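Novice: Residues per chain, in single letters:
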Amino acid sequence: MTTNIAKPKPAIPDLPVAVLLAGLSIGFFAVVALVTGETAQLSGEGIAGLLQRMVALGLVALGQTFVILVGSIDLSVAALISAVAVLASHVMQGDPAMMLPAVLLCLGFCAVVGFVNGALVAYGGINPLIVTLGTGLIIQGVLAASFGVLQGAVAREFQVIAYGSVLGVPYSLLLLATLSLAAGFVLDRTLFGARIYAVGGNPDGARLAGIRTERVILSAHMVASLFAGAAGLYLAARLQSGTPWIGRDGIYDLESIAVTVIGGTILAGGKGGVAGTLAGVLLFATLDAGFNMLGIDAFLKQVLRGAIVIAAVAVHAVRTKGHVA
Amino acid sequence: MMTVPQTSASLRRPARIAINAGLVIFIALYAAIGFLQPNYLEPGLFMNFLRRAAPLVILACGQLYVILTGGFDLSMGAVATLVVLAASILINGDPDTTWAVIGALYVMGVSIGLVNGFVVAFLKVPSIITTLGTMLLVNGLALAWSGGAARGDLPDNFRNLGRLVWRDVSVIGTLPLAAVVLAGFVALAWFGLNGTVYGKRALAVGDNPRAAELAGTPVAATRILAFVVSAVSAVTAGILLGGFSGVSVNAGEGLELQAIAACVIGGAQLLGGRGSVWSAVFGALSLFALFTLLNLLGLPQALRDSIQGVILIAAVGASMWRTRRRN
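In order, the protein sequences belong to chains A and B.
Just so it is clear: in the first sequence, position 21 is 21 by the working numbering, and no numbers are missing.
Adding 325 to a residue's 1-based position in the second sequence gives its number in the working numbering.
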C-alpha cells in the first residue's frame, strides 16, 4: 500500500464548517442589530464588545479541543476555573507585587491537575469522563468547603487584562487571538500536533508507529488544564475576585465541549481543529448578544440555546456513516 | 482469530464480578452506617433509607439502559425538575386531577425520550451533546413556564407517592409506598433486560453497533427505546421527589451525573457493552449510603462532592485494574 503516503491535512476539512458557522453568526448578529435599530453594536466598539464575550469560553474551548482531538474529554475545567479564580484573588489580596507569584501558582496548580487527569486516563486506563468528573468533584468540594465566603481580590493592575486595551483592541482579545494562533500553529505545524491527530485518529496505529500515546494524551490534558487556568485568571481579572461557583455557573465544562463539537471536532478524536472551535464560540457569543438585543427572556434564551446546540451539531453529524452513541 | 465461545465467556465473567463489587461496596458502607448509628440496622430505618434512596435508584436504572447501549442521558435531572414544577402548576392543589396529570407527565417524558432517541439515532448527534441540548432546553422550559420560582401546590394524594408510609406491617414493621414503587420499577427494569430479547440487543448495540446491525439487530429502535426508558425513569423519580422534598426549581439538579456515577460504581461500563440492573441498583444504593454516612460523620456538605469524586475514580480504577490483571 503506497497510495496513502500523502499526508492527510487535518486542518482543511474543518475549515468550511468554521467559515460557514462564522458567516452565519456574523450574519445573524448584523441582521438583529439592524432590525432592532441598535446600529451602535456594529461599530468598532460594539464588535470588540461582542468578541470580548468570546474570551472566557474561547480559552477553555481551545484547551478542550486538544483533549477531544486526542480522543479524551475534560469535565473538570469548570471546577478548575473556579479554583484558579479563587486562588488568584486569595493569593493576590489586592497587592500588585503578588501578581506574578499568584499567576505562577495558579498555572502550576493547573499543570498538576492536568497531569493527574492525564496520568489517570493514559496510564490508569480509566474512562476520561469518569476521571475528570471525579477530579472536578474533588476540586469543587474542597473549594466550596474552604472558600465559602468571598476572600481577597485581585490587584487593580491585574484587571488591566480584562479592561485595558491598546488602539481600541482589548488586551483580552489579543490574549485570545495569540493563544488561538499558538494553538493552531502547534496543531497544524508541529510534531506534537501531528501526534495528537495520530493518537486521536487511531491509537493502536499510532502506538505501532512508535508514538508514545500515553505521553501525548497526558500532554493534551495538561494543555487543557492550563487553558482552563488562563480562563480562570481572565475571569478573576474581570470580576475582581473569584467565587467557588464561577466555573459551574458558567457551565464551562459542557459548553466548551458543545462549541468544540459544533465546530466540527469529532468526539472520537483525530479530526477537527481550532478554527472550528473558535467559530463555535463566536456562534454562542452572537446568539447571546442577539438575544439580548431582541430582549428575549433568560429562560427562553436557554431553550433556544439547547435547540441550537443540537441543530448545529446535527447539520454536519447527519452525514456520518455508521453509528454514534 | 478468536473463537466465539472464548469471547462470550470472557465477556460474561467480569460482569458477574462487577455485580458483586457494587453489592460489596454497599454492604461495607451500610455496615459503617450501622456501626455509627445502630438503629439504622432496624427494618424501620432501613425502609426509610430505601424510601429516600428510591429516586436515585430509579434514575440509575433508567440511565443504565442508555449506558448499556453506549450513550449517556444528561437530561434526566432537568426532566425530573420539569416534572416537579409541572405537577404543582397543573394540579394546583386539586386532588381530582392528580392521576390525569401523572398520565400527562409520562406522555411528556416519553416524548422527551423520543426526541433524544431520534436525534441520536437518525441525526447522528452524539448523545452527550444531544442530551446536553435537551437538558438546557427542558430546564429553560421548566423555568420559563414556572416563571423561575416554584408556584402552585401539590395535593396529598400526589405527595403520598413519595411520602406515605404504612405502619404495622408484619415482619418489616413499616413499609413506605416509595419502596414499593422502587421495587416495582426495578423489577420492570430487570424484566426488560433479562426477560425479553431487548437486554441482549442493548448489550450488542453498546458493544459493537456495526456488528449488531449486521446480525440483524434494530440498532436505531434499541437506542430510541433506551432513551424512552431513561426519560420514564426520570419522570417516576421526579414524582417521588415532588412527594418528599416538595416543589423547587432545582429539584433534579445534578441527578443525571449521580445516576451515571451510580451505574459506573456498580460496575457498568461506560460506552456500553457491560452491566446489569444490579450494577445500577447497588451502585445507587452505595452512593446514597455514602451520602448518609458522610452526613452522619458530620462532614461539611461540600466535602461530600470531593469524597464522591474519590470513590468514583477509585471504583472504576479498581475494576480496570482487576480486568487488566486477568488479561
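A portion of the hints provided could be inaccurate.
[To be verified] Computed beta-carbon distance windows for the label pairs:
hint, chain 1, residue 1, chain 2, residue 2, range
1, B, Asp419, A, Leu34, 45 to 51 Å
2, A, Gly49, B, Ile352, 46 to 52 Å
3, B, Gly472, A, Pro101, 26 to 32 Å
4, B, Ser573, A, Asp297, 36 to 42 Å
5, B, Asn575, A, Asp297, 15 to 21 Å
6, B, Ala639, A, Leu294, 47 to 53 Å
7, B, Val435, A, Leu294, 30 to 36 Å
8, A, Val19, B, Val435, 37 to 43 Å
9, A, Gln93, B, Ser436, 49 to 55 Å
10, B, Arg476, A, Met99, 45 to 51 Å
11, B, Val349, A, Ala194, 43 to 49 Å
Read the hints as simulated data drawn from the structure, not as lab findings.
Being a predicted model, the structure only gives us computed values, none of them experimental.
From the three backbone atoms N, C-alpha and C, an ideal C-beta is built for every residue, glycine too.
Novice: If a hint holds in the structure, say so; if it does not, say that too.
Specialist: Hint by hint, here is what the structure shows:
1. With their beta carbons about 49 Å apart, B:Asp419 and A:Leu34 fall inside the hinted range of 45 to 51 Å.
2. At about 58 Å, the CB distance of A:Gly49 to B:Ile352 disagrees with the hint of 46 to 52 Å.
3. Take B:Gly472 and A:Pro101: their Cβ atoms lie about 47 Å apart, and the range 26 to 32 Å is violated.
4. B:Ser573 and A:Asp297 have their C-beta atoms about 20 Å apart, which leaves the hinted 36 to 42 Å range violated.
5. For the hinted restraint 15 to 21 Å between B:Asn575 and A:Asp297, the CB-CB distance of approximately 19 Å keeps it satisfied.
6. Remark: the range hint 47 to 53 Å for B:Ala639 to A:Leu294 is upheld by a beta-carbon distance near 48 Å.
7. Separated by about 33 Å at the C-beta atoms, B:Val435 and A:Leu294 satisfy the suggested range of 30 to 36 Å.
8. One distance hint, 37 to 43 Å for the beta-carbon pair A:Val19 and B:Val435, holds here, with the actual separation near 40 Å.
9. For the pair A:Gln93 and B:Ser436, the beta carbons lie near 53 Å from each other, so the given range of 49 to 55 Å is met.
10. In this structure, B:Arg476 and A:Met99 meet the distance hint of 45 to 51 Å, their C-beta atoms being roughly 48 Å apart.
11. About 45 Å separates the C-beta atoms of B:Val349 and A:Ala194, a value consistent with the hinted range of 43 to 49 Å.
Hints 2, 3, 4 from the earlier list are contradicted by this structure; the remaining hints agree with it.
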